[in-house]
Structures are given as structure tokens and as C-alpha cells.
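J.: Let the sequences and hints guide you as you build the complete structure.
Each residue of the sequence shown is one higher than the last, beginning at 1 in the working numbering.
It is possible that part of the hints are untrue.
[Said to hold, decoys possible] Think about it this way: if two alpha-carbon atoms lie no more than 30 Å apart in a straight line, the pair counts; the simulated BS3-like pairs of lysine-lysine are: (1) Lys243 - Lys214; (2) Lys104 - Lys81; (3) Lys330 - Lys290; (4) Lys385 - Lys212; (5) Lys243 - Lys290; (6) Lys385 - Lys214; (7) Lys83 - Lys72; (8) Lys330 - Lys341; (9) Lys243 - Lys330; (10) Lys72 - Lys104; (11) Lys417 - Lys214; (12) Lys81 - Lys95; (13) Lys243 - Lys212; (14) Lys417 - Lys385; (15) Lys72 - Lys95; (16) Lys341 - Lys290; (17) Lys214 - Lys241.
Think of the hints as simulated: they come from the structure by calculation, not from any bench.
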Amino acid sequence: MELLEAIKWAGVVGEGGAGFPTYAKLDTRAECFIVNGAECEPLIETDKYLMRTFPDEIVAGTAAVSAHLGAKRTVIALKSKYKAESEALSRAIEKSGAAIEIVKMPAFYPAGDEHTMVYYVTGRSIPARGIPISVGCVVDNVGTMRSVYEALEGRPVTDKYLSVTGDVREPVMLRVPIGTYFRECVALAGTGLSEYAAVNGGPMMGLVLSEKEKIDAAVVTKTTGNILVLPPDHYLVERSKLKMQRIRLQSRSACIQCRYCTDLCPRWLIGQEMEPHLVMRGLWMESRIKDDAEFVRAFGDAMNCCSCGICELYACPMNLSPRRVNEYFKGVLRSRGLESKVDPHPAARGSFGDRLIPTERLVARLGLRDYYPGHAGRCIEYRPKEVFIPFRQSIGRAAEAVAENGARVRRGDLIAKAAEGLSSNIYASIDGTVTDIGVQGARIVSGV
Numbered sequence: 001m002e003l004l005e006a007i008k009w010a011g012v013v014g015e016g017g018a019g020f021p022t023y024a025k026l027d028t029r030a031e032c033f034i035v036n037g038a039e040c041e042p043l044i045e046t047d048k049y050l051m052r053t054f055p056d057e058i059v060a061g062t063a064a065v066s067a068h069l070g071a072k073r074t075v076i077a078l079k080s081k082y083k084a085e086s087e088a089l090s091r092a093i094e095k096s097g098a099a100i101e102i103v104k105m106p107a108f109y110p111a112g113d114e115h116t117m118v119y120y121v122t123g124r125s126i127p128a129r130g131i132p133i134s135v136g137c138v139v140d141n142v143g144t145m146r147s148v149y150e151a152l153e154g155r156p157v158t159d160k161y162l163s164v165t166g167d168v169r170e171p172v173m174l175r176v177p178i179g180t181y182f183r184e185c186v187a188l189a190g191t192g193l194s195e196y197a198a199v200n201g202g203p204m205m206g207l208v209l210s211e212k213e214k215i216d217a218a219v220v221t222k223t224t225g226n227i228l229v230l231p232p233d234h235y236l237v238e239r240s241k242l243k244m245q246r247i248r249l250q251s252r253s254a255c256i257q258c259r260y261c262t263d264l265c266p267r268w269l270i271g272q273e274m275e276p277h278l279v280m281r282g283l284w285m286e287s288r289i290k291d292d293a294e295f296v297r298a299f300g301d302a303m304n305c306c307s308c309g310i311c312e313l314y315a316c317p318m319n320l321s322p323r324r325v326n327e328y329f330k331g332v333l334r335s336r337g338l339e340s341k342v343d344p345h346p347a348a349r350g351s352f353g354d355r356l357i358p359t360e361r362l363v364a365r366l367g368l369r370d371y372y373p374g375h376a377g378r379c380i381e382y383r384p385k386e387v388f389i390p391f392r393q394s395i396g397r398a399a400e401a402v403a404e405n406g407a408r409v410r411r412g413d414l415i416a417k418a419a420e421g422l423s424s425n426i427y428a429s430i431d432g433t434v435t436d437i438g439v440q441g442a443r444i445v446s447g448v
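T.: Structural data, given as C-alpha cells:
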């Protein structure tokens with residue numbers, strides 16, 4: 001089976017971010033192919049585990065994709081402190097004879113952001129709101145490369161590796177069927193908390209689930225890489241509950257225009273039009289600006305925010321929320337049909353290398369030092385009795401059901417076919433009976 005055909009058939013999506021269907025991303029040619037092993041946020045263990053455990057598969061998948069892209073340079077980028085991972089990959093590269101180099105990055109946040117990584121590896125700045133191919137690069141995650149290898153071996157995406165960290169008895173790696181409930185994953189790691197919040201992802205950009213109903217409903221998908229367990233009164237949990245009206249009032253009254261949010265912004269550092277302090281400065285006069293051009297001048301930079309969280313969780317001395325303000329204005333600008341202009345050839349600021357956020361300092365600022373580094377050395381394989389498999393697990397359209405209620409399915413059977421346009425196939429992750437199926441997804445129960 002040809003590479004893109006195999007990837008599309010298997011339902012592979014990007015495992016390091018929003019879940020862009022991999023067959024669509026790789027339908028191009030590129031000068032440089034970068035595999036992201038930097039594990040952007042602290043307290044996530046998944047990519048490190050995969051690099052230690054499956055280096056041969058990652059290298060094989062990387063080599064296949066590189067050949068397809070016609071890449072002149074192929075790189076696996078990871079943090080210099082990942083010594084065991086680097087050694088495992090180096091041995092696999094030497095054994096395979098593949099022309100792959102390893103680039104070691106400092107331990108900073110957000111090293112795994114693809115715009116930052118492309119600049120660090122190539123010296124090229126991607127235009128704001130652009131993608132790596134605009135500067136001749138393609139970036140994919142190490143987990144995605146393992147899934148590409150599996151696809152070429154004829155195995156679709158049915159399981160997910162993820163870490164469970166934070167306020168748990170033991171940080172662990174899990175291999176679970178897609179559709180496994182978060183509650184079961186947390187129980188496998190164990191926690192002394194009678195009630196807890198669960199962050200789907202990392203502490204900076206992950207989705208905070210603080211309500212019991214939402215935690216109970218949450219399931220593992222193709223893009224789930226980590227569950228961070230926190231006490232319900234943790235600073236990050238409380239902060240996630242702030243309403244926009246309160247954030248706006250605080251920002252208008254307390255912003256001191258120190259510009260730390262801009263000086264440390266990773267998008268500004270690589271030359272993009274992103275100055276959060278100016279957006280904060282204009283907040284008080286939002287309702288007074290009627291002219292569209294003036295509105296874009298005041299708030300257009302918000303369109304270029306990557307929501308990394310540095311501005312509000314690290315930089316701001318007044319504990320304000322420039323990220324949330326940017327996200328608010330993104331919505332307003334879109335609703336008004338407005339868009340800011342973009343420099344097609346941005347140039348990085350000279351201060352880039354001096355303003356990288358050390359991971360350990362970030363962890364301390366977030367109040368997570370008790371859980372760090374939280375190495376997960378053990379992997380538990382778990383098969384639940386029931387799963388709920390969402391039909392939309394990637395950017396684009398939801399897959400369309402092909403299974404029916406009452407159908408007996410086996411792990412690896414197609415239960416929802418990719419829709420026209422961007423979409424991905426969805427497969428049964430356990431043997432069992434489809435007890436409920438609709439446009440949202442399918443419930444499969446074993447032993448029924």
C-alpha cells in the first residue's frame with residue numbers, strides 16, 4: 001500500500017497537537033522534515049517513553065515519510081537532557097543507515113511549538129498564522145511516526161499511549177484502547193484525592209476539566225497524550241474558571257504596560273506581529289472603536305496568538321490574562337470579518353536566545369514542583385469492558401458511521417468512515433457489541 005493511502009486507511013492523525021489528518025499534511029514535497037520529540041510541556045511523559053521504547057519504529061516511519069517528501073534534510077529534534085532517548089534513537093539510526101540527524105535543544109518552553117522548533121532547527125521564521133511548509137518544512141510528532149510505521153505494517157489506530165501524572169501515587173504510562181474513560185486511567189495511576197481536576201494535556205495549554213460530569217464523560221482519543229491530575233483548588237484549576245468579564249475588568253484596571261508579555265512571547269521573538277501589551281493597552285476603548293481599520297490596528301495582533309500561555313502564567317507580574325484577552329479578540333475579529341495583515345518574511349529578534357523560558361522555572365511558577373519531574377518508567381496495558389469512541393478525533397469533519405446498533409465488532413474493524421474533505425477513519429478498539437451509535441460516536445461493550 002502506498003504511503004499516503006496506508007496512512008489514510010489507518011486513520012493516522014497528528015499526535016502532538018490538534019490532530020491534523022496526517023495523509024493531508026504529508027501530501028506535499030518539503031526541503032526539511034522535522035520530527036518533534038521535544039515534549040513541549042512539563043509533566044508529560046509520552047514522547048519520551050515512545051522514543052525509549054520504539055526507536056526502530058520511529059526511525060523507520062521517519063525514513064519512509066522523508067523519502068516521500070523528498071526531503072534534503074531530516075531531523076529528529078529533542079531536548080538535550082533526554083539522554084536515554086537520544087541514545088536509543090542514535091542506535092536505531094545507525095542500525096537503519098537512514099540519513100537522519102538528531103538536533104538537541106535546551107530545556108525551555110515552548111521548545112515543542114512547531115514555529116519555535118522550525119526557527120531553532122533551520123533559522124527560518126514562519127509567517128504569522130502560517131504553517132511550516134511555507135518555509136519548506138514539514139513537522140510531525142514522534143508518536144505520529146510510530147503510527148505511520150504501524151500503518152505501513154497494516155495496523156490501524158486503535159490504541160493510545162499516554163501518561164498520567166500530577167497528584168497520583170505513581171506517574172505511569174498507559175496503553176489503552178481509544179475510547180477508554182479518563183476515570184479509569186486515573187484509577188490505574190492511583191490518587192489520594194477524593195475529588196480532583198483532570199487536565200487533558202499539559203499545564204500550559206491543556207483543557208482543564210474541573211466538573212465531575214465532564215471528567216466522567218471524558219475519553220481517550222487519538223490526540224490524548226497526557227492526563228494531569230490536580231487538586232480541585234489548585235491555582236491552575238481556579239484560574240481556568242475566571243469569566244471573561246472579570247478578566248476584562250482586571251486588565252483595564254491593573255495592566256501596568258511593563259511589556260513583559262511581549263518581550264517573552266515566542267511568536268514575537270521569531271519576528272511575528274504579536275505584541276500582547278498593545279492589545280491589553282487598547283482594551284479599555286474597545287466599545288468606542290467603530291472604524292474597522294482602527295479596530296484591526298488596536299487588536300489585530302490577537303489573531304497571531306498561539307495560546308502558549310507564557311504571557312499570563314509566567315510573564316505578567318500582575319497575574320493578568322493576556323492570552324484569554326487575545327482569544328476573546330480573535331472571536332470578535334472573526335465575527336466582524338476582519339483580519340490583520342501579515343509580514344510574509346518575518347525576521348527573528350536578536351533577543352531570541354536570551355529569553356527562552358527554563359522548564360524548571362516554569363514548573364515552579366505554576367506551583368507544580370511537588371510533581372516534577374515525575375518520571376513514568378512503567379507502562380500498564382489495560383483493556384476496559386466498555387469504550388465510547390468519538391467520531392471526530394481530528395481537525396475537519398467527523399467520520400460517518402458504517403457500523404450499526406447491535407453489531408458484533410472486533411478490534412480493528414472499521415466503524416466510521418472518513419467523510420469527504422479533512423477527516424479520518426475510526427476503528428473499533430475492543431472486541432464487543434455496539435450498544436449505542438450516532439453522529440457523535442459509538443459505545444462498544446465487551447461480553448455482551
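J.: Evaluate each hint against the coordinates.
T.: Hint check results:
Under the criterion of a C-alpha separation no larger than 30 Å, the hint pairing Lys243 with Lys214 is consistent with the structure, at around 18 Å. For the hint linking Lys104 to Lys81, the alpha-carbon distance of about 8 Å falls within 30 Å, and the restraint holds. Restraint check for Lys330 and Lys290: satisfied, since their Cα atoms lie roughly 17 Å apart, inside the 30 Å limit. Between Lys385 and Lys212 the alpha-carbon distance is near 21 Å, which keeps this suggested pair within the 30 Å criterion.
Note on Lys243 and Lys290: the hinted pairing holds, with a Cα-Cα distance of about 25 Å set against a maximum of 30 Å. Between Lys385 and Lys214, the direct Cα distance comes to roughly 20 Å. Compliance with the 30 Å bound is thereby established for this hinted pair. Taken as a hint, the Lys83 and Lys72 pair is honoured in the structure, with Cα atoms around 26 Å apart against an allowance of 30 Å. For the hint pairing Lys330 with Lys341, the CA-to-CA distance comes to about 14 Å; that is within 30 Å, so the pair holds.
Between Lys243 and Lys330, the direct Cα distance comes to roughly 16 Å. Compliance with the 30 Å bound is thereby established for this hinted pair. Between Lys72 and Lys104 the CA atoms are separated by roughly 19 Å; this keeps the pair inside 30 Å, and the hint holds. Using a Cα cut-off of 30 Å, the hinted pair Lys417 and Lys214 holds, with the two alpha carbons roughly 27 Å apart. A hinted pair counts as satisfied when its Cα atoms are at most 30 Å apart, and Lys81 with Lys95 qualifies at roughly 23 Å.
Taking the CA atoms of Lys243 and Lys212, the gap is about 19 Å. The hint holds against a cut of 30 Å. Pair hint Lys417 plus Lys385 holds up; C-alpha atoms about 24 Å apart against a cutoff of 30 Å. For the suggested pair Lys72 and Lys95, the alpha carbons sit about 20 Å apart, so the restraint of at most 30 Å is met. Simply put, Lys341 and Lys290 have alpha-carbon atoms about 19 Å apart, close enough for the 30 Å limit, and the pair holds.
Among the hinted pairs, Lys214 with Lys241 is consistent with the structure: their alpha-carbon atoms are about 14 Å apart, no more than 30 Å.
Checked against the numbered hints listed earlier, the structure breaks none of them; every hint is satisfied.
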